[in-house]
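> The chain contents come next:
Protein chains: 2
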Amino acid sequence: MELNDYLNTYVEYRKKMKALHLAFFLLSWDSSTVAPKGCFEARGENVAVLSQMEYELTTAKEFTDAVAYLYDNRDKLDEITSHEIEVLKENVDKQLKIPVEEVMEAAKLFSVSNNIWVEAKQTNDFNKFKDCLEKIVAYERRYVKYLETDKLKGYDILLDEYERGMTTKEYDQFFDCLKEKLVPFVKKVLAKGNNFDDSFMKKKYPADKQKEVCEYFRDVMCFDKNKGIMMESEHPFTSGFGTDDVRITVHYYEKMFTSSIFSCIHETGHATYEANVDKKLNETFSGGGASMALHESQSRFYENIIGRDENFWKAHFNKLKEVYKTQLKDVDLNTFIREVNKVEASYVRTEADELTYPLHIMLRYDIEKKLISGELEVKDAPKEWNRLFKEYFGLKVKKDSEGILQDVHWSQGSFGYFPTYALGSAYGAQFLNAMKKDLDYEKEISKDNLKTINEWLREHIHKYGASKYPKEIIKIATGEDFNPNYYVDYLINKYSKIYNIK
Amino acid sequence: MELNDYLNTYVEYRKKMKALHLAFFLLSWDSSTVAPKGCFEARGENVAVLSQMEYELTTAKEFTDAVAYLYDNRDKLDEITSHEIEVLKENVDKQLKIPVEEVMEAAKLFSVSNNIWVEAKQTNDFNKFKDCLEKIVAYERRYVKYLETDKLKGYDILLDEYERGMTTKEYDQFFDCLKEKLVPFVKKVLAKGNNFDDSFMKKKYPADKQKEVCEYFRDVMCFDKNKGIMMESEHPFTSGFGTDDVRITVHYYEKMFTSSIFSCIHETGHATYEANVDKKLNETFSGGGASMALHESQSRFYENIIGRDENFWKAHFNKLKEVYKTQLKDVDLNTFIREVNKVEASYVRTEADELTYPLHIMLRYDIEKKLISGELEVKDAPKEWNRLFKEYFGLKVKKDSEGILQDVHWSQGSFGYFPTYALGSAYGAQFLNAMKKDLDYEKEISKDNLKTINEWLREHIHKYGASKYPKEIIKIATGEDFNPNYYVDYLINKYSKIYNIK
Chain A
1 MELNDYLNTY VEYRKKMKAL HLAFFLLSWD SSTVAPKGCF EARGENVAVL SQMEYELTTA
61 KEFTDAVAYL YDNRDKLDEI TSHEIEVLKE NVDKQLKIPV EEVMEAAKLF SVSNNIWVEA
121 KQTNDFNKFK DCLEKIVAYE RRYVKYLETD KLKGYDILLD EYERGMTTKE YDQFFDCLKE
181 KLVPFVKKVL AKGNNFDDSF MKKKYPADKQ KEVCEYFRDV MCFDKNKGIM MESEHPFTSG
241 FGTDDVRITV HYYEKMFTSS IFSCIHETGH ATYEANVDKK LNETFSGGGA SMALHESQSR
301 FYENIIGRDE NFWKAHFNKL KEVYKTQLKD VDLNTFIREV NKVEASYVRT EADELTYPLH
361 IMLRYDIEKK LISGELEVKD APKEWNRLFK EYFGLKVKKD SEGILQDVHW SQGSFGYFPT
421 YALGSAYGAQ FLNAMKKDLD YEKEISKDNL KTINEWLREH IHKYGASKYP KEIIKIATGE
481 DFNPNYYVDY LINKYSKIYN IK
Chain B
503 MELNDYLNTY VEYRKKMKAL HLAFFLLSWD SSTVAPKGCF EARGENVAVL SQMEYELTTA
563 KEFTDAVAYL YDNRDKLDEI TSHEIEVLKE NVDKQLKIPV EEVMEAAKLF SVSNNIWVEA
623 KQTNDFNKFK DCLEKIVAYE RRYVKYLETD KLKGYDILLD EYERGMTTKE YDQFFDCLKE
683 KLVPFVKKVL AKGNNFDDSF MKKKYPADKQ KEVCEYFRDV MCFDKNKGIM MESEHPFTSG
743 FGTDDVRITV HYYEKMFTSS IFSCIHETGH ATYEANVDKK LNETFSGGGA SMALHESQSR
803 FYENIIGRDE NFWKAHFNKL KEVYKTQLKD VDLNTFIREV NKVEASYVRT EADELTYPLH
863 IMLRYDIEKK LISGELEVKD APKEWNRLFK EYFGLKVKKD SEGILQDVHW SQGSFGYFPT
923 YALGSAYGAQ FLNAMKKDLD YEKEISKDNL KTINEWLREH IHKYGASKYP KEIIKIATGE
983 DFNPNYYVDY LINKYSKIYN IK
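Protein chains in written order, with my numbering: chain A, 1 to 502; chain B, 503 to 1004.
Derived from the structure by calculation, the hints contain no laboratory data. Any given hint could be a false lead.
[Claimed, not checked] Away from chain B, derived, C-beta distances all over 10 Å, residues of chain A:
{"#": "1", "residue": "T167"}
{"#": "2", "residue": "Y392"}
{"#": "3", "residue": "S496"}
[What the hints assert, rightly or not] DSSO-like, lysine-lysine: derived pairs with alpha carbons at most 30 Å apart:
{"#": "4", "chain 1": "A", "residue 1": "K225", "chain 2": "B", "residue 2": "K610"}
{"#": "5", "chain 1": "B", "residue 1": "K782", "chain 2": "A", "residue 2": "K135"}
{"#": "6", "chain 1": "B", "residue 1": "K637", "chain 2": "A", "residue 2": "K280"}
{"#": "7", "chain 1": "B", "residue 1": "K610", "chain 2": "A", "residue 2": "K211"}
{"#": "8", "chain 1": "A", "residue 1": "K211", "chain 2": "B", "residue 2": "K539"}
{"#": "9", "chain 1": "B", "residue 1": "K782", "chain 2": "A", "residue 2": "K37"}
{"#": "10", "chain 1": "A", "residue 1": "K202", "chain 2": "A", "residue 2": "K61"}
{"#": "11", "chain 1": "B", "residue 1": "K520", "chain 2": "A", "residue 2": "K61"}
{"#": "12", "chain 1": "A", "residue 1": "K18", "chain 2": "B", "residue 2": "K885"}
{"#": "13", "chain 1": "B", "residue 1": "K520", "chain 2": "A", "residue 2": "K211"}
{"#": "14", "chain 1": "A", "residue 1": "K18", "chain 2": "B", "residue 2": "K539"}
{"#": "15", "chain 1": "B", "residue 1": "K706", "chain 2": "A", "residue 2": "K325"}
{"#": "16", "chain 1": "B", "residue 1": "K705", "chain 2": "A", "residue 2": "K211"}
{"#": "17", "chain 1": "B", "residue 1": "K517", "chain 2": "A", "residue 2": "K97"}
{"#": "18", "chain 1": "A", "residue 1": "K279", "chain 2": "B", "residue 2": "K637"}
{"#": "19", "chain 1": "B", "residue 1": "K520", "chain 2": "A", "residue 2": "K97"}
{"#": "20", "chain 1": "A", "residue 1": "K204", "chain 2": "B", "residue 2": "K827"}
{"#": "21", "chain 1": "A", "residue 1": "K204", "chain 2": "B", "residue 2": "K713"}
{"#": "22", "chain 1": "B", "residue 1": "K965", "chain 2": "A", "residue 2": "K108"}
{"#": "23", "chain 1": "B", "residue 1": "K563", "chain 2": "A", "residue 2": "K61"}
{"#": "24", "chain 1": "B", "residue 1": "K520", "chain 2": "A", "residue 2": "K209"}
Just so it is clear, CB atoms sit at the ideal spot from N, CA and C, and this is done for glycine as well.
All chains should be modelled from the sequences, with the hints used to inform the complete structure.
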């Protein structure tokens, strides 16, 4: 057997795995959008079998032999394949450590858990979700046990999965840095309060009008409708399969009209990243984003850095006034800018402002760390959530649907995901700094559309997909390693101006 | 190896195939509803790989050995498994005759062909579809060559696939019988003409109102929303995976409001059949309907026999008047009944009346027979279509979108399917005759809902799924073999009254 034989074997297996991934992509999309509730039980069984089929492929001796050989000879491979094999070898080594029964059990669990969570959240009843979450946490604890090494243990294994190289050590440092500089600043801002007329926010904004506005912003962001669709679901998300099928969902709250605008811009940010990946990566495992934090850096760059900038709204506020003639009749641009950058202590992470947002993440990080270590049990988690919330925000949680039940992530077993949101925001601020050296940022975001900015992000970040490690991409895009000071400086500068803090 | 070992092997393979079927079900559903156009090229490749995976399973020696052993020992199996093995053995034997390259090529072809057809139909341009249809017909001709036996050749192979035991010999007899008695009767009816005010049909009926009406009839038919959904697509269809996930689509033409009513009732008829199958058949290959004609017998029973009956509309016409207040203000029940049973020569099969419908099928049957035999080529097919249309209906086809491009079937390679529509109608009339012996049919269809009728159909037909041959089910349900005279008598009686023909 020569290099090319192994490579052919590898490509044959990859094709089958990619085809199964298409099935998983559609199953997940369908389950979160239109699937009838009655189908989930039977579907769970079938998803488990498909997972078993994927497992059989990834653990087939023929495949693992090919990966091992290619790994040892990766200096002879092209750069993209070499990177892919390196990442895969780690994953194959990991996957071999998880017993097949666990994999099937997990697939079954996660095929029904989302629906149980939706039901619990809708009825504001944590008890409906408790048993399910216990099973999930028990699974996560077993999962990290299977994977522990001398270097990585417990929660660190999950953190590293979402952002390679980031563990509790790095995250503790990152959050400590934010706490030191931002927490006192947030206190100053909250003390200032918000003295402006925000009564327009309490008006009713019909769902069909919100849909029109979301479609408008999708066009402002130049998202190609031929490559994706937008639908409704309980929790907004982006789901993609290659560069030519990228789907987003939003949720229209008639009494919170800015929510769908910013979640649409956020999800379209994710979608733009996926769609801008070099097309040749479609047939590889290196399509999509390079990491969770890099993905969030893009969505939050569009949502917060651009989407809440005064210059951006100078170009688009008239569109809102046109669609919501009666509701926004007496509202001027300044008031609107003030509103979408309003800082306050609030319950729901997805509705939180840019400045207090990291506090929501710190809380989840803390709970996840304790749940995985066993320091905290699921039954005590709502109490702990509410205790920490009081400590960070000074507010008493009134209902679990606005507390521990608010996020979809844990129902999908996504422990270790949340911290990447804060990290992503920090990456974004560093990209902004680099971008400003290459183009007239203020001018670009004042235009009808974001074509030039998309192009910069495509060229410096998106096109690489996952064919490089996040650290490499940050170095390429900004010329330096990750530095959280850009984020802190950006936030303090921006909100000092808005809140008139010297 | 003993019987139980072979049975276990069989069940393990079946599980994997069923899981792949779930993937195919969702791929097809998604492609026909929301998928972005840009994704189809890449999707085609992946669907081909999934088909290859299914092919590898169905042709694996371990599996075919198990099937062969179980087939030889099927007297030792339970009745359901025995039937399943018998059907499967035939299919496995057939599938082994098709080279894997052909299977993959076909999967690729059919993953893009639907979209090409939609585009051609929308732009009324047969040339856009011609190359694709040529490829499909060439494939069908090769396909029947691979499968020919001493008993079955050419088009007969396709006919037998959709309705076991029906070949050109039986269909020629069936259509000859209809031609002999019905064609002269249709001429009498057409000569009578339609002298009533149908101006309400030309009014505009908004899509959202039509949706409300469709949802109402879905409830009249007692369809469980927990087990299915209703969406929009170019051509209405039903798609199911087991008893708990049955999906229908409709299309709302604002200038043809009865179209969506009857296609909703029709598709919900298919869906009711699927949902009423005994749940224990879900994990087998014997779920769903027993044959295409039996499926159509159910959809057309609901659509035509019940859905166009005066007594049915006595119960539901007021709902229509309530929803379409202005449009139906001056329309009375008798006019409406007359309208929905109006006989006329028309272009579009799916909009054709109950009486002339079989003529549309005869035309397609004739063209299919010639296309498969090679007597007719695709490039000449529109001309032949138009010639036959003139002969049967006395009308000149003005555009291909209302001629040869009107149906989705050929774009999916479904040759041999059309004749089952006429056969299904004939089965339906025979079921009606049997049902009337057990219940007060006129009374039941005058009720708010069709619960009792559903129950009769469930008990006598639906529950068996595909665990028996169609001929067996007809015998069980009606106590006799198929007899086309019930159909002819039903049509002549019904339309003699409506058109006052002695």
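> Straight-line Cα separation of K706/B and K325/A no greater than 30 Å?
The given pair, whose Cα atoms are some 29 Å apart, holds under the 30 Å limit.
> With a cut-off of 30 Å on the C-alpha distance, tell me whether K211/A and K539/B pass.
21 Å, holds
> Could you grab the alpha-carbon distance between K18/A and K885/B and see if it respects the 30 Å cut-off?
It is violated: about 44 Å lies between the C-alpha atoms, which goes past 30 Å.
> Taking only the CA atoms, is the gap from K520/B to K61/A under or equal to 30 Å?
Holds, at roughly 25 Å.
> Straight-line Cα separation of K18/A and K539/B no greater than 30 Å?
Holds, at roughly 20 Å.
> Can you confirm whether the C-alpha distance between K520/B and K211/A stays at or below 30 Å?
Outside the cut-off at roughly 38 Å; violated.
> With a cut-off of 30 Å on the C-alpha distance, tell me whether K204/A and K827/B pass.
Within the cut-off at roughly 29 Å; holds.
> Given the hint that K965/B pairs with K108/A, does the C-alpha gap stay at or below 30 Å?
28 Å, holds
> Does the structure keep K637/B and K280/A at a Cα separation of 30 Å or less?
28 Å, holds
> Quick one, are K705/B and K211/A close enough, alpha carbons at most 30 Å?
Holds - the C-alpha atoms of K211/A and K705/B are around 29 Å apart, at most 30 Å.
> Given the hinted pair K782/B and K37/A, is their Cα-Cα distance within 30 Å?
19 Å, holds
> Mind checking the alpha carbons of K202/A and K61/A for me, to see if they're no more than 30 Å apart?
61 Å, violated
Of the hints listed earlier, those the structure fails to meet are numbers 7, 10, 12, 13, 24, in rising order.
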